[in-house]
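Trainee: Each chain, written out:
4 protein chains.
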Amino acid sequence: MTEMEQKTRIPQQKRSIETKNRILAAAKDQFAKNGFHGTNAKEIAAAAGVSVGSFYSYFKDKKELFMEIFREHIEEKVVRILGEHQVDPDNRRESVYRLIKAMLDAHDPYPQFHREVLAMRYSDPEVEAAFTEMDQHSLGHVERFIEQFRDKLRVKDIKTAARIVSAAVEEIICSITIFGQDEDADRLIDGLADMIHRYLFD
Amino acid sequence: MTEMEQKTRIPQQKRSIETKNRILAAAKDQFAKNGFHGTNAKEIAAAAGVSVGSFYSYFKDKKELFMEIFREHIEEKVVRILGEHQVDPDNRRESVYRLIKAMLDAHDPYPQFHREVLAMRYSDPEVEAAFTEMDQHSLGHVERFIEQFRDKLRVKDIKTAARIVSAAVEEIICSITIFGQDEDADRLIDGLADMIHRYLFD
Amino acid sequence: MTEMEQKTRIPQQKRSIETKNRILAAAKDQFAKNGFHGTNAKEIAAAAGVSVGSFYSYFKDKKELFMEIFREHIEEKVVRILGEHQVDPDNRRESVYRLIKAMLDAHDPYPQFHREVLAMRYSDPEVEAAFTEMDQHSLGHVERFIEQFRDKLRVKDIKTAARIVSAAVEEIICSITIFGQDEDADRLIDGLADMIHRYLFD
Amino acid sequence: MTEMEQKTRIPQQKRSIETKNRILAAAKDQFAKNGFHGTNAKEIAAAAGVSVGSFYSYFKDKKELFMEIFREHIEEKVVRILGEHQVDPDNRRESVYRLIKAMLDAHDPYPQFHREVLAMRYSDPEVEAAFTEMDQHSLGHVERFIEQFRDKLRVKDIKTAARIVSAAVEEIICSITIFGQDEDADRLIDGLADMIHRYLFD
DNA sequence: GATGAATGAGTATTCATTCAT
DNA sequence: GATGAATGAATACTCATTCAT
Numbered sequence: 001m002t003e004m005e006q007k008t009r010i011p012q013q014k015r016s017i018e019t020k021n022r023i024l025a026a027a028k029d030q031f032a033k034n035g036f037h038g039t040n041a042k043e044i045a046a047a048a049g050v051s052v053g054s055f056y057s058y059f060k061d062k063k064e065l066f067m068e069i070f071r072e073h074i075e076e077k078v079v080r081i082l083g084e085h086q087v088d089p090d091n092r093r094e095s096v097y098r099l100i101k102a103m104l105d106a107h108d109p110y111p112q113f114h115r116e117v118l119a120m121r122y123s124d125p126e127v128e129a130a131f132t133e134m135d136q137h138s139l140g141h142v143e144r145f146i147e148q149f150r151d152k153l154r155v156k157d158i159k160t161a162a163r164i165v166s167a168a169v170e171e172i173i174c175s176i177t178i179f180g181q182d183e184d185a186d187r188l189i190d191g192l193a194d195m196i197h198r199y200l201f202d
Numbered sequence: 001m002t003e004m005e006q007k008t009r010i011p012q013q014k015r016s017i018e019t020k021n022r023i024l025a026a027a028k029d030q031f032a033k034n035g036f037h038g039t040n041a042k043e044i045a046a047a048a049g050v051s052v053g054s055f056y057s058y059f060k061d062k063k064e065l066f067m068e069i070f071r072e073h074i075e076e077k078v079v080r081i082l083g084e085h086q087v088d089p090d091n092r093r094e095s096v097y098r099l100i101k102a103m104l105d106a107h108d109p110y111p112q113f114h115r116e117v118l119a120m121r122y123s124d125p126e127v128e129a130a131f132t133e134m135d136q137h138s139l140g141h142v143e144r145f146i147e148q149f150r151d152k153l154r155v156k157d158i159k160t161a162a163r164i165v166s167a168a169v170e171e172i173i174c175s176i177t178i179f180g181q182d183e184d185a186d187r188l189i190d191g192l193a194d195m196i197h198r199y200l201f202d
Numbered sequence: 001m002t003e004m005e006q007k008t009r010i011p012q013q014k015r016s017i018e019t020k021n022r023i024l025a026a027a028k029d030q031f032a033k034n035g036f037h038g039t040n041a042k043e044i045a046a047a048a049g050v051s052v053g054s055f056y057s058y059f060k061d062k063k064e065l066f067m068e069i070f071r072e073h074i075e076e077k078v079v080r081i082l083g084e085h086q087v088d089p090d091n092r093r094e095s096v097y098r099l100i101k102a103m104l105d106a107h108d109p110y111p112q113f114h115r116e117v118l119a120m121r122y123s124d125p126e127v128e129a130a131f132t133e134m135d136q137h138s139l140g141h142v143e144r145f146i147e148q149f150r151d152k153l154r155v156k157d158i159k160t161a162a163r164i165v166s167a168a169v170e171e172i173i174c175s176i177t178i179f180g181q182d183e184d185a186d187r188l189i190d191g192l193a194d195m196i197h198r199y200l201f202d
Numbered sequence: 001m002t003e004m005e006q007k008t009r010i011p012q013q014k015r016s017i018e019t020k021n022r023i024l025a026a027a028k029d030q031f032a033k034n035g036f037h038g039t040n041a042k043e044i045a046a047a048a049g050v051s052v053g054s055f056y057s058y059f060k061d062k063k064e065l066f067m068e069i070f071r072e073h074i075e076e077k078v079v080r081i082l083g084e085h086q087v088d089p090d091n092r093r094e095s096v097y098r099l100i101k102a103m104l105d106a107h108d109p110y111p112q113f114h115r116e117v118l119a120m121r122y123s124d125p126e127v128e129a130a131f132t133e134m135d136q137h138s139l140g141h142v143e144r145f146i147e148q149f150r151d152k153l154r155v156k157d158i159k160t161a162a163r164i165v166s167a168a169v170e171e172i173i174c175s176i177t178i179f180g181q182d183e184d185a186d187r188l189i190d191g192l193a194d195m196i197h198r199y200l201f202d
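Residue numbers (this note's numbering), protein chains in the order written: chain A, 1 to 202; chain B, 1 to 202; chain C, 1 to 202; chain D, 1 to 202.
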């Protein structure tokens, strides 16, 4: 972070940045296809069209590369999309529905990669930390969402309610993006919106 | 002798059964502590107090051992406990609460191992298959639960409702057993029971 | 050999001898099918219907078992059959033909095992020694055969002639028993008989 | 890079080619000294002065390495030398003698390796296939040799005669290169030339 | 005696990472 | 800077042999 020994290069030139991005994209691909443990440096380098040597001049190791992809994912998708979500205080059911939709959109369009992240969440502390951070965002968002309806709420403990709502949405979204058929998706989201709406307000 | 080509030993003698169980127990420990990829055959054998040779005479490989532990988990816990759960049709809120409790009990008392299973669910098809099977049990259980209140329901599509309820419960349970502090647990379960109760009946 | 430490049992009782023979037969089978390196003690024991433990109480190791089978082969087949071969001094061409036939008969009816012995001949000194001994028998036999026609011979150096004839017969027999089709066999033997006959007498 | 999934490296650079050749040479040595089963990857790598990793980046496994050495042997020696052998139709005995000499030259100057190849011929189908191919060359050569004397022949069936002559030469050569003392060699070759000469023409 | 469970040294093989060119 | 050859520690797995029951 400070200027101390600079092992991996911070790319300044345009070509360099492009190379790094190519590696990131290729790695995301590979991780999604074969998982973290099922992907090796040679494959990533080959898929990115660079040499292993180059690979290691951009990333300290496979793990760092993984974390960089993951962090990028968090920033790009979650923070940005969640940040933009707006609430209509007069239409609560619709607002709940839109909350779910926003969280669904915030999910990786790359579900296979998400799958892998979930896998590592449980076995790697660093991944878990990043995950927790991401969850905090999500949780905070839901909390703020609920708070906007403060005086119309059936629940008293907003923090707990937010965790429950968050968890339910997360899991349904997960099952939709990873295993779900599209036909089911709409019914599930509708049902979920009903459940949350009734829980919070009805 | 009579069986054709028996690659892995099927233990008959008491000593043999004990050895196999020692390996199973030790492996569960190790997987929970260090994850599937972070555990190797030698370590498992050492932890079980047996030789690598013994390990491989009982299990084709690490994967098979893992699956055996997981299947045992499914049978012992899920099927048995879920099977026993009884419903009180006059007290719906209480019934929901007891459903959640039953599903919580059905979870592994070995949360670290559960954590690892979750990790593999997403990267290994065989694990996912077993997981799906387990989910079907859970889903079926929830479906039957809901059906018992058929004429008092607010929801029409029982199958979809069951999936939503299942998912919500699963995720909350997960966050309780893995990350949750005990203080939170009760509030979460109560809130969850409220949510489901309101969704289905209120 | 002397009474010194008796590691492997010398079977006295009938049942014991039978067991040992069962192991020998099973091993010959396995060696023929999968080769020395492709056969393990467990398989041999299983094929013989005994335990590995028993196996090792009859044979010091796999190698000793192999040598025992090989020596038995030499004694039973080679010595016995070659010993019985008779010559008709008035019909030389016919005698040559009968010599070849006798040597063909002396070959293992178990060509796959012979194949394996050949393989080991080149990589194991002990096998080579036994093989050489066997060759000496064969060579001696051919020498005595040639000597019976001493005054009618075209060749002077009988020892060398015997080696040449021996080698030629060996190789043709080998190609017949291992690779040859039966249709070819007769023509080859006839041609071989011609060649040897012309070489020695014609 | 452009090629799909290249498992073992195809050496382009000079350094790389040298390394591969060092491994090939060292392996030939080791196989000759200790046989195929008596040699392991680590030893070969050490003898070649490279790491095991390098070994496996050039060869899928020990077997592939072995086959590569063997095929090289066939091409370099057999095809080339046999191809060059010329016949003098007016001096038949001398031609036979030169045939034998040519076939002797075509044999590996590395008799210990040849020994090992023979060993594997009988237990490994792939080796046998290559061997058969090599034999076909040899057989074809002998057939063409005999055909050049067509009208002076005592034998009618040239194909059968070629097999017999081939076999006899092969075996004598074998016994000369592997077991034979040099003193014997000349006498054996002379006798062999006599035998074949008499068989074909005399 | 017989059994087959247990042993562990030995072998093949992979792959993250380094470094000479 | 880039390359890809080289490294070798790490790991899975086998099997001849021993030994407790």
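Keep in mind the hints are simulated off the structure, nothing from the lab.
Just to be clear, a hint being listed does not mean it is correct.
Heads up, the list lumps identical chains together, so a pair's fine if it works in one copy or across two of them.
In silico DSSO-like cross-links for lysine-lysine, where the CA-CA straight-line distance does not exceed 30 Å [to be verified]: (1) Lys-77 with Lys-33; (2) Lys-159 with Lys-14; (3) Lys-152 with Lys-42; (4) Lys-33 with Lys-14.
Trainee: Hint by hint, which ones does the structure fall short of?
Mentor: 2 and 3
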